[in-house]
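> Starting from the structure of chain A, add chain B where the hints point.
Residue numbers (this note's numbering), protein chains in the order written: chain A, 5 to 318; chain B, 5 to 283.
The set of hints was computed from the structure by calculation and includes no laboratory data.
Please read these numbers as outputs of a predicted model, since none were measured by experiment.
Among these hints, one or two may not hold up.
Distance windows between CB atoms, simulated [what the hints assert, rightly or not]:
id: 1; chain 1: B; residue 1: Arg168; chain 2: A; residue 2: Arg134; range: 30 to 38 angstroms
id: 2; chain 1: A; residue 1: Gly46; chain 2: B; residue 2: Thr274; range: 55 to 63 angstroms
id: 3; chain 1: A; residue 1: Ser129; chain 2: B; residue 2: Ser170; range: 53 to 61 angstroms
id: 4; chain 1: A; residue 1: Asp117; chain 2: B; residue 2: Ala263; range: 52 to 60 angstroms
Partner residues are not named here, just some residues of chain A that face chain B (Cβ under 8 angstroms, in silico) [what the hints assert, rightly or not]:
id: 5; residue: Pro83
id: 6; residue: Ala99
id: 7; residue: Leu111
id: 8; residue: Gly156
id: 9; residue: Leu185
id: 10; residue: Ala188
Yeah, the Cβ is synthetic: ideal placement off N, Cα and C, and Gly gets one too.
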Amino acid sequence: MSAVPAVEISSLVKRYGSTAAVDGLSFQVAAGTITAVLGPNGAGKTTTVEICEGFRRPDDGAVRVLGLDPWRDGAALRPRVGVMLQDGAGFYPGARPVELLTHLARLHASPLDVSMLVARLGLESLARGRAPLRRLSGGERQRVALAAALVGRPDLVFLDEPTAGLDPQGRRATWQLLDELRAAGVTVVLTTHLIDEAERLADHVVIIDAGRVLAEGTPQELTSGVSDDVIRFGGPPRLDVGSLRAALPAAATVREVAPGSYEVTAPVDPSLLATLTSWCAAQDILAEGLQVGRRSLEDVYLELIGASAGRTAP
Amino acid sequence: MTAPDPPPVPPPSDASVPPPDDASARPSLFAPAPGAAPVGRMLLAQTLFEVRLLLRNGEQLLLTAAIPVVLLWLLTAAPVFDTGDYERVDFLVPGILALCVMSTAFTSLAISTGYERRYGALKRLAVSPLPRWTLLLAKALTVLVIEAFQVVLVGGLGLALGWRPSGSPLAVAVLLVAGTLAFAGLGLLMAGTLRAEATLAAANLVYLLLLVLGGVVIPLSGFPSGLRTVLELTPAGALADGLRSVLADGAGLPWGSVAVLAAWALAGLTAAARWFRWE
Numbered sequence: 005m006s007a008v009p010a011v012e013i014s015s016l017v018k019r020y021g022s023t024a025a026v027d028g029l030s031f032q033v034a035a036g037t038i039t040a041v042l043g044p045n046g047a048g049k050t051t052t053v054e055i056c057e058g059f060r061r062p063d064d065g066a067v068r069v070l071g072l073d074p075w076r077d078g079a080a081l082r083p084r085v086g087v088m089l090q091d092g093a094g095f096y097p098g099a100r101p102v103e104l105l106t107h108l109a110r111l112h113a114s115p116l117d118v119s120m121l122v123a124r125l126g127l128e129s130l131a132r133g134r135a136p137l138r139r140l141s142g143g144e145r146q147r148v149a150l151a152a153a154l155v156g157r158p159d160l161v162f163l164d165e166p167t168a169g170l171d172p173q174g175r176r177a178t179w180q181l182l183d184e185l186r187a188a189g190v191t192v193v194l195t196t197h198l199i200d201e202a203e204r205l206a207d208h209v210v211i212i213d214a215g216r217v218l219a220e221g222t223p224q225e226l227t228s229g230v231s232d233d234v235i236r237f238g239g240p241p242r243l244d245v246g247s248l249r250a251a252l253p254a255a256a257t258v259r260e261v262a263p264g265s266y267e268v269t270a271p272v273d274p275s276l277l278a279t280l281t282s283w284c285a286a287q288d289i290l291a292e293g294l295q296v297g298r299r300s301l302e303d304v305y306l307e308l309i310g311a312s313a314g315r316t317a318p
Numbered sequence: 005m006t007a008p009d010p011p012p013v014p015p016p017s018d019a020s021v022p023p024p025d026d027a028s029a030r031p032s033l034f035a036p037a038p039g040a041a042p043v044g045r046m047l048l049a050q051t052l053f054e055v056r057l058l059l060r061n062g063e064q065l066l067l068t069a070a071i072p073v074v075l076l077w078l079l080t081a082a083p084v085f086d087t088g089d090y091e092r093v094d095f096l097v098p099g100i101l102a103l104c105v106m107s108t109a110f111t112s113l114a115i116s117t118g119y120e121r122r123y124g125a126l127k128r129l130a131v132s133p134l135p136r137w138t139l140l141l142a143k144a145l146t147v148l149v150i151e152a153f154q155v156v157l158v159g160g161l162g163l164a165l166g167w168r169p170s171g172s173p174l175a176v177a178v179l180l181v182a183g184t185l186a187f188a189g190l191g192l193l194m195a196g197t198l199r200a201e202a203t204l205a206a207a208n209l210v211y212l213l214l215l216v217l218g219g220v221v222i223p224l225s226g227f228p229s230g231l232r233t234v235l236e237l238t239p240a241g242a243l244a245d246g247l248r249s250v251l252a253d254g255a256g257l258p259w260g261s262v263a264v265l266a267a268w269a270l271a272g273l274t275a276a277a278r279w280f281r282w283e
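So here's chain A without its partners, still in its complex pose:
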């Protein structure tokens, strides 16, 4: 693995009018890894990626992609970078999928074989049809756009919400493909607002909101910083959680997160679990779907975004 980062963003600022879409953002992408930039809509994900792609000029800060400045060294950078725009955009409306891929392949020195690429992405039925791209569904365009990002055999790909609009099957196929890209030595930077996608795929997750990095690390690092474990269980709604809390150690919290759905947050040990189940027995409750678990990336994410929204709310 190379010591030089594939992408290096330091103190990046991009303003539109008086609002800063990106507001002092810094992170690095190690070569040969999958990095997920995770954040809600409007967090500045697309702006950040489009600066890396050379579409926009930073107002402040510095960006290096494969050691180059995307704004000044675009000609040297473009052949080495594959790009998938948001919503599968970026096609000639009248071109057929294979025509577009074949054309983009011709712009590269040693592109992938288009029929192999089409087979690998399961696009054969689109390839056989005569429908132009403007007549395809959003999900179909997404997959063609992903193929278009790969056809030039890039070192690095930027994928802006690559699985938006895909069905679960298509999403899993894309995840598998991205694993394969990493195995082949391609660096992948993707944006997403899907937490499970980041958790499942990424070596490194960068959580951003309002143009700033809220947290970053491996999914394990992001979830392990929090010591408390969680017990979830279901039962009749409106149980007396006060009496349960009284039975548990002082550090525990008990919440009814939804009617009939309870969450106990505490350092979990066997005696805690025993206390909980005996309380249930005393109340004549059968606890359903009882689960002991670590906090998920989703818990961490929602907490961070919630705190960020609290700070920035007027």
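Chain B alone, transformed into the frame defined by chain A:
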């Protein structure tokens, strides 16, 4: 040291055999091998791609081929407008050639570029290895290729209908290129600033107005003199007049028309370069 592994052998491209799903069987299908094609090859590929898409587009063909041919044939056969001292076909062929330039370099270019912009094709190409100047040159070559088809089509039909051209082919070529630049600047300005639907409507409207008022099929001498002066200063009026003075009157290069077209080209291309938004 051993030689690096050879690239993976592609599986046989037999469509009836499904590809294996085991990713480990092709560990390095996606192994990076980046690089741009030579710029000449990119230019050729982009030009052929754009020509192919245009030739397949029915609405575009209606505009660039069917309308000029039908107008030339119908108006030669039936005396709809008084063409003064000219034989009808000798009057009509230069006007129809001007219409061809307008339909390809203005209407068709504006509409296709407007929709390419709307669907993000231009944005996508901006991150491909294709340099921007190569894209613009490819578009220019595409327009010239389509115009060459049109000249053959209209000229051939004209000759079959008894057209007797005079004047210098070089002067005709200069006028066609100047007209192309004048119309292309305006077309790109429209495509790069308006929404695609607005471009579609406006480009067709201007086409229709200049077809009627631009001296293409109706002699400008029939209009009141004040209006006539204005119409002679439109790109269509200048191009049709210039082509007619060479092809029908046998005059040399009409500098007045060339100057009008050059002014439009300069204004249109400068404005397009200034205001064209790629997305």
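> Are the hints correct? Go through all of them and say.
Do the hints match the structure? See the list:
A hinted range of 30 to 38 angstroms for the beta carbons of arginine 168 of chain B and arginine 134 of chain A is inconsistent with their spacing of about 45 angstroms. For glycine 46 of chain A and threonine 274 of chain B, the hinted distance range of 55 to 63 angstroms is not satisfied, since their beta carbons lie about 37 angstroms from each other. Range check, serine 129 of chain A to serine 170 of chain B: about 58 angstroms between beta-carbon atoms, so the 53 to 61 angstroms window is met. Restraint check, aspartate 117 of chain A to alanine 263 of chain B: a C-beta distance of roughly 53 angstroms satisfies the suggested window 52 to 60 angstroms.
Proximity of proline 83 of chain A to chain B holds as hinted, the smallest CB-CB distance being about 4 angstroms (cut-off 8 angstroms). For alanine 99 of chain A, the interface hint holds, the least distance from its beta-carbon to any beta-carbon of chain B being 6 angstroms, beneath 8 angstroms. Taken as an interface hint, leucine 111 of chain A checks out: its beta carbon lies about 5 angstroms from the nearest beta carbon of chain B, inside 8 angstroms. At about 6 angstroms, the closest approach between the beta carbon of glycine 156 of chain A and any beta carbon in chain B falls short of 8 angstroms, and the interface hint on this residue holds.
Interface restraint check: leucine 185 of chain A against chain B, minimum CB-CB distance 5 angstroms, threshold 8 angstroms, status holds. Interface restraint check: alanine 188 of chain A against chain B, minimum CB-CB distance 4 angstroms, threshold 8 angstroms, status holds.
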